[in-house]
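Each chain, letter by letter, is given below.
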Amino acid sequence: MIHVEPATAAMFNELWPLLEKFQNTSVPRAWWERLFIHPWPETSPLRGYVLRDDSRAIGFFGVIHSQRMIDGRLEKFANLTSWIVLPEFRNHALRLFQAVTNIPDHTLTCFTPRRETLPFYKRCGFQELETRFRILLPLPSFDVSANTRSTTNPQRIAAQLDAPLRETFKHHRFTPCKALLLSQRKGARQCLVLFTRTRGRRYAFARVHYLSDPAFFAENTDLIRLRLGLAARSLLVMIDERMLAGRSLKHCKIAEMSAPSVFRSSSLSAGQIDNLYSELVLLGL
Amino acid sequence: MNERLIQILSDALGIAPDALGNDPSMDTIAAWDSVAHLNIVMSIEQEFSVQFSPDELMELRSASALADALRKHNAA
Chain V
0 MIHVEPATAA MFNELWPLLE KFQNTSVPRA WWERLFIHPW PETSPLRGYV
50 LRDDSRAIGF FGVIHSQRMI DGRLEKFANL TSWIVLPEFR NHALRLFQAV
100 TNIPDHTLTC FTPRRETLPF YKRCGFQELE TRFRILLPLP SFDVSANTRS
150 TTNPQRIAAQ LDAPLRETFK HHRFTPCKAL LLSQRKGARQ CLVLFTRTRG
200 RRYAFARVHY LSDPAFFAEN TDLIRLRLGL AARSLLVMID ERMLAGRSLK
250 HCKIAEMSAP SVFRSSSLSA GQIDNLYSEL VLLGL
Chain H
0 MNERLIQILS DALGIAPDAL GNDPSMDTIA AWDSVAHLNI VMSIEQEFSV
50 QFSPDELMEL RSASALADAL RKHNAA
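Protein chains in written order, with numbering that gives the first Met the number 0: chain V, 0 to 284; chain H, 0 to 75.
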């Protein structure tokens, strides 16, 4: 009898062979385990749904829950990840999709939908979250402002952040995410940048998942290019277009994503949603 | 069963109409996966000039359920 049941953190060892069979990146087992044991406070015991043929696990659709304060409101998120079903049971895959899209009162995000599944998301009320990257080109950094200092030292970063940003930073401290903090020497402006070293098809690049001040970020492009490039051991820096809130960057090009990320929300617009608390930061994608 | 509906299922699943059985469904036809399902639903919507809701998209997993939905939409 084929059925769907909720997945819990305790099921990781049972589901690992299934995840391992389908993973198409060199993500270590310990990172996959983070989909089940989150480094931030638990807001739900649900880790997704398992498709079973009697007791045998034949499919999985992961869910990463989180809560964020956005514009003074507590928003609940469910990030959808790893929709996998053994080939001989693909005719039952829709049951998993139905289960995750029925999670009520949450903003649902999916950063890595396969192109052929996009029509399903769209038919179920999902909109495009992002379609384009801004890529900082690997050019020498000449215009580094003397009034901006930067650090990747976690202790220094934690000491300089206000309480809400410090909490976000700490929640990502033990994920593949790294942090860069830009701050004015004379002045109070600062920008926290959270990023991963991500492997593309041909190159590794620094992928920005969060930036706290798009204007300050845009004013310090050369410094960011230099610091992120060194920290991620990469010549390229990629930023989701929406995170820049329309600001232009020097020496960059725009690239289309192979498939857009999508979201469904009754309270948030795309510009209010970053990539944190998701599979992107847990798996370093 | 509606002949146009059976023909759409046959075309989308690559199975001859008389080999589909009495009430083909996602549970009984291995080729009826989520991508095939979307093709079936969209073909039916086009053929019968109807629009199914997201809930219907998920629930219409058999030929009989699709036929019932078409009757409900006065499209059969």
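These are computed hints drawn from the structure, not numbers from a lab. Worth double-checking, as some hints may not be accurate.
[Stated by the list, open to error] Reference listing, derived: stretches of chain H covered by chain V, where coverage requires no fewer than 3 residues with Cβ under 8 angstroms from a Cβ of chain V: (1) 9-15; (2) 19-33.
[Claimed, not checked] Chain V is nowhere near these chain H residues, computed Cβ spacing over 12 angstroms in every case: (3) R3; (4) H36; (5) V40; (6) M41; (7) E46; (8) F47; (9) Q50; (10) D67; (11) R70; (12) K71.
Backbone N, C-alpha and C fix where the C-beta goes; we use that ideal spot for every residue, glycine too.
Going down the list of hints, with the structure as the test:
Given as covered by chain V, the region 9-15 of chain H fails the check, having 0 residues with a CB less than 8 angstroms from a CB of that chain where 3 are the minimum. Residues of the region 19-33 of chain H lying with their CB closer than 8 angstroms to a CB of chain V number 8, which satisfies the three-residue condition for coverage. For R3 of chain H, the requirement that its beta carbon stay farther than 12 angstroms from each beta carbon of chain V is met, with the minimum near 22 angstroms. Distance check for H36 of chain H against chain V: the nearest CB is about 6 angstroms away, which does not clear 12 angstroms, and the non-interface claim fails.
With a least beta-carbon separation of about 8 angstroms from chain V, V40 of chain H fails to lie farther than 12 angstroms from that chain, contradicting its non-interface assignment. Consistency note on M41 of chain H: stated as away from chain V, yet its beta-carbon is not over 12 angstroms from all of that chain's, at 8 angstroms minimum. Non-interface call for E46 of chain H relative to chain V: holds, since the shortest CB-CB distance, roughly 17 angstroms, exceeds 12 angstroms. No Cβ of chain V approaches the Cβ of F47 of chain H within 12 angstroms, the least distance being about 17 angstroms, so the stated non-interface status holds.
Look at Q50 of chain H: its CB is around 10 angstroms from the nearest CB on chain V, not clear of 12 angstroms, so calling it non-interface is violated. Every C-beta of chain V lies more than 12 angstroms from that of D67 of chain H, the closest at about 18 angstroms, which supports listing it as non-interface. The Cβ of R70 of chain H sits about 22 angstroms from the closest Cβ of chain V, beyond the 12 angstroms cut-off, so the non-interface label holds. Listed as outside the interface, K71 of chain H is consistent with that label: its C-beta sits roughly 18 angstroms from the nearest C-beta of chain V, beyond the 12 angstroms cut-off.
The structure fails hints 1, 4, 5, 6, 9 (numbered hints given earlier, in ascending order).
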